[in-house]
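First to last, the sequence lines map onto chains S and V.
Using my numbering, the letters of the first sequence correspond one by one to residues 1 to 357.
Using my numbering, the letters of the second sequence correspond one by one to residues 1001 to 1573.
Be careful, since some hints might not be right.
Taking beta-carbon pairs under 10 Å as the criterion, some of the chain S residues facing chain V (in silico) [what the hints assert, rightly or not]:
id, residue
1, 82
2, 133
3, 295
The calculated DSBU-like cross-link candidates involving lysine-lysine, where the alpha carbons are at most 30 Å apart (straight line), are [said to hold, decoys possible]:
id, chain 1, residue 1, chain 2, residue 2
4, S, 185, S, 110
5, V, 1476, S, 110
6, S, 132, V, 1471
7, V, 1298, S, 132
8, V, 1110, S, 132
9, V, 1471, S, 185
10, V, 1211, V, 1298
11, V, 1248, V, 1517
12, V, 1471, S, 110
13, S, 132, V, 1457
14, S, 132, S, 31
15, V, 1471, S, 122
16, V, 1471, S, 31
17, V, 1476, S, 122
18, V, 1385, V, 1476
Hint data in this document are derived by calculation from the structure and do not stem from the laboratory.
C-beta: ideal position from N, C-alpha, C; glycine also.
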Amino acid sequence: MSTTPYLHLEGIRKSFGSFQALHDIDLTIEKGEFVCFLGPSGCGKTTLLRIVAGLETQTAGRIEQNGRDISVLPPGNRDYGIVFQSYALFPNLTVADNVAYGLVNRRQPKAQIAQRVDELLKLVGLPGSGTKYPAQLSGGQQQRIALARALATSPGLLLLDEPLSALDAIVRVHLRQEIRSLQRKLGVTTIMVTHDQEEALSVADRIVVMNQGVIEQVGTPQEVYERPASPFVAEFIGKVNVLAASSLGDGRFRIGRLDLQGASHCQGHPAGQPVRVYLRPEDRIADGSFDGVGQRLWGEVSSVEFLGGACLAQMAIDELEGQPLLVSFSLNQMHDLGVRVGARLELALRSDRIRVF
Amino acid sequence: MAAVLSLPDAPVLRQRAHWTDRVAHAAMLALIAVLLVFLAGPLASILVKSLQNADGAYAGLGNFASYLQTPALLSSLWHSVWVSLLVTFVTVPLAFGFAYALARSCMPFKPVFRTIALVPLLAPSLLSALSLIYWFGNQGIAKGVLQVLGFETIYGAPGVVVAECFAVFPHVLMILVTALSLADARLYEAADALGTSARRRFFTITLPGAKYGLISAALVAFTLVMTDFGVPKVIGGNFNMLATDVFKLVIGQQDFQRGAVVGLLLLTPAVLTFVIDWRVNAKQTAMLSARAVPYGPKPARGFDAAMTAYALLIAALMLAMLGMAVFASFASFWPYNLAPTWRHYTMGLVDAEVGGAFVNSLQLAAGTAFFGTILVFIGAYMLEKTRGLAWARPLVRLLAMLPMAVPGLVLGLGYIFFFNAPANPLHGLYQTLPLLILCTIVHFYTTGHLTAVTALKALDAEFESVSASLKVPFFKTFWRVTLPICTPTLLDIARYFFINAMTTISAVVFLYSPDTKVAAIAILNLDEAGEAGPAAACAVLITAGSTIVTLLFIALGWWVDRRTQAWRNPTPR
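Turn these sequences into a full structure, and let the hints steer you where they fit.
Below, the structure is given as structure tokens:
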């Protein structure tokens, strides 16, 4: 990995009239990284991508790509390939002509172009489809062609703007893994915009969580999930219980009648301060191996949401004094522990996993 | 309150323009220049003229004041207003019934009915006035009917009203058919499920759904009648209206100042209706959601029969109007010898310069269709698909929409004032075919523009972004992708320009010279000279010419579809 980052954004700001879409965004992306911009709609993630692409111009701020200042360069003078949610394939051109669209302009010999097109179609798993028109392909296939077209000129940066949002759930899951392995194979630095947290968690090297025009957190998928930096990140990524509590000082918190000792990062809340404790549904122990981890609690299952391989049970726990708690169980646990509405279960909370804001 | 740290405002960053962007900007500026010179300039000169006295000195509102003191002119204003209102109130309900039959019944032969009702679009508006004279004029074959009804003569208000009803009908019908076709079947299913009566369904779903279409149709009818020139000229007799006044003032009396005042009077209702229509349309688009299910009528014997009867009646009237002109154009010596003859055609074409005029018409129409389509499409493309030059875009949008609000007569008036001025370096264009073509393009610019914009908006907005990322200049993508996809739209626009250029009178009536006289104007001259037969023959020629060209365009469209649109419905392989 080189010492200078591949892409460097500094103080990127964007306003549309009086609306501030992006506030002073700083971000560094290393060569070969797969980075996801993740956030709810309207958070500015697409705007940020379009600014990197030069399709929008930032109100202020500097962008450097591979050591070159591209802040005010038009899109045609930047180095990237882009794939849109709508595929944006040229419908009146064949698949081969679509893929070759950027190559033809480089005055390469025809045979060389044809060879490159074949190579790319093979790369995206659609060899021999060159003579078809886009309308003859499924959505997933069209998106692969769009990907091939974007990669044809071997750009240094690949930008993906919600590339999977228009696809069926199964195709989506399949194609995201293919994009990931393709990216690994080519080593091309990639930014993908998505609002789907699962997608981001499964493919990204690092996730940039955005909300209301600011970056909430940048980190690996595991970091972002396990150690969310803000309540927004905790609630946006994965399921989480938010429990009203008060601090007892020294990283101890009281929820209802229950005291929890948080890990070292939960320090810094003076005694008496009202806080919110964030606990994931899976951060509990329920299968008997309680060995000194936390206090044993009894709760009654008030509803069960069945999710296939797992379920989410809403439980009323006496000590929490009316604050319901979502607890997840695997299908096996569901059977073994008899999780059903009305059942009383024993469990302990993994207080070492809580986050407090 | 915390002290706010005041940072010096950095200048807003601006992207460097790629050289291809500069090409686009140059094209856009050229378009603006054309629209300013050939639209805004002439309109401004009307305003200027209306504020000057005969010597060109500033006269304030003097011309307006003297206009208001001229009883004859004021009565024309009143005539124009009540005739327009009457025609609107007669035509809109009639056309609504016909549109309802087309869109909401299972009447047989719908395409035939539709075609018959729309044929008048292919004819000059004054064709109906000519026919009316043959039916009910001094030597009309049904003159007796008129007297039974208590009218002394068809010339004057009665003739104008009836002829305008026919002329305006197809325009109103098109709007109403569209409005009634845009229905959401789910609303009707919900009403049926709730056991709603047919009558209540009509008043609570159908009518509110077509409300904006009705408003739009009424406005169009009013403006068309208010600004039409051909019909009152032919059948108005001594019944003066604003449109004929403008012509008399400017061409007859060379009173440009008062002509300008009347021109502005004509412009006012047109602009008003245009603004109302625009706002109404903006509301309408939001009404039909993307998930609406199109409504399809179900057979109902009694209702369908009634609708068929009504459509038959209207179609018969339409055919009577059109057929009479055709019949009369072949009659040897109206009304004494009705034996068919080609005399009016040969006489008209050979002797009375109509042949030359017809050729001029074809040249005008072809030129308008060719250059108009190029200008409109490139203009719409620059507006919708290129980047930068943000300040110019609202201006282009405004200039492109403006022609819709400007009656042809007013535009033509502006052209005289603007291009006939000796100081204008473009003075040499006056009365030439190129100026006639430009004027006609500008006159019908808006509809072509909106058609092109709609087609371009239907294309993926990211084509240009993708091209830029692949470093392909926009004009290559325009040539390889946009243009081939939009060929059917281009043909539609060209056909629209062609037909309207063939039949228009209002704008060009001020601008022709003997060498550039077009056929529609020749009808007026022949009619004025009492040559009713050749006039009818000429009107029929125009209609036939427009019809043939329309059929050619349809054939061309079919061929183009097969050649370039194969990708739309590819056979699965």
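Here is how each hint holds up against the structure:
1. 82: 5 Å, holds
2. 133: Holds: closest Cβ of chain V sits about 4 Å from residue 133 of chain S, inside 10 Å.
3. 295: 43 Å, violated
4. S:185 with S:110: At roughly 26 Å apart (the allowed maximum being 30 Å), residue 110 of chain S and residue 185 of chain S satisfy the hint.
5. V:1476 with S:110: The hint holds at about 18 Å.
6. S:132 with V:1471: 24 Å, holds
7. V:1298 with S:132: 40 Å, violated
8. V:1110 with S:132: Not OK: residue 1110 of chain V and residue 132 of chain S at ~39 Å, beyond 30 Å, violated.
9. V:1471 with S:185: Holds, at roughly 25 Å.
10. V:1211 with V:1298: Given pair residue 1211 of chain V, residue 1298 of chain V holds - Cα atoms ~23 Å apart, limit 30 Å.
11. V:1248 with V:1517: 18 Å, holds
12. V:1471 with S:110: 18 Å, holds
13. S:132 with V:1457: With Cα atoms ~25 Å apart, residue 132 of chain S and residue 1457 of chain V stay inside 30 Å; holds.
14. S:132 with S:31: Measuring from Cα to Cα gives roughly 35 Å; hence the hint is violated.
15. V:1471 with S:122: With a Cα-Cα distance of about 24 Å, the restraint between residue 1471 of chain V and residue 122 of chain S holds, given a limit of 30 Å.
16. V:1471 with S:31: Status holds; Cα separation ~22 Å.
17. V:1476 with S:122: Given pair residue 1476 of chain V, residue 122 of chain S holds - Cα atoms ~27 Å apart, limit 30 Å.
18. V:1385 with V:1476: 13 Å, holds
Hint violations for this structure: numbers 3, 7, 8 and 14, all remaining hints satisfied.
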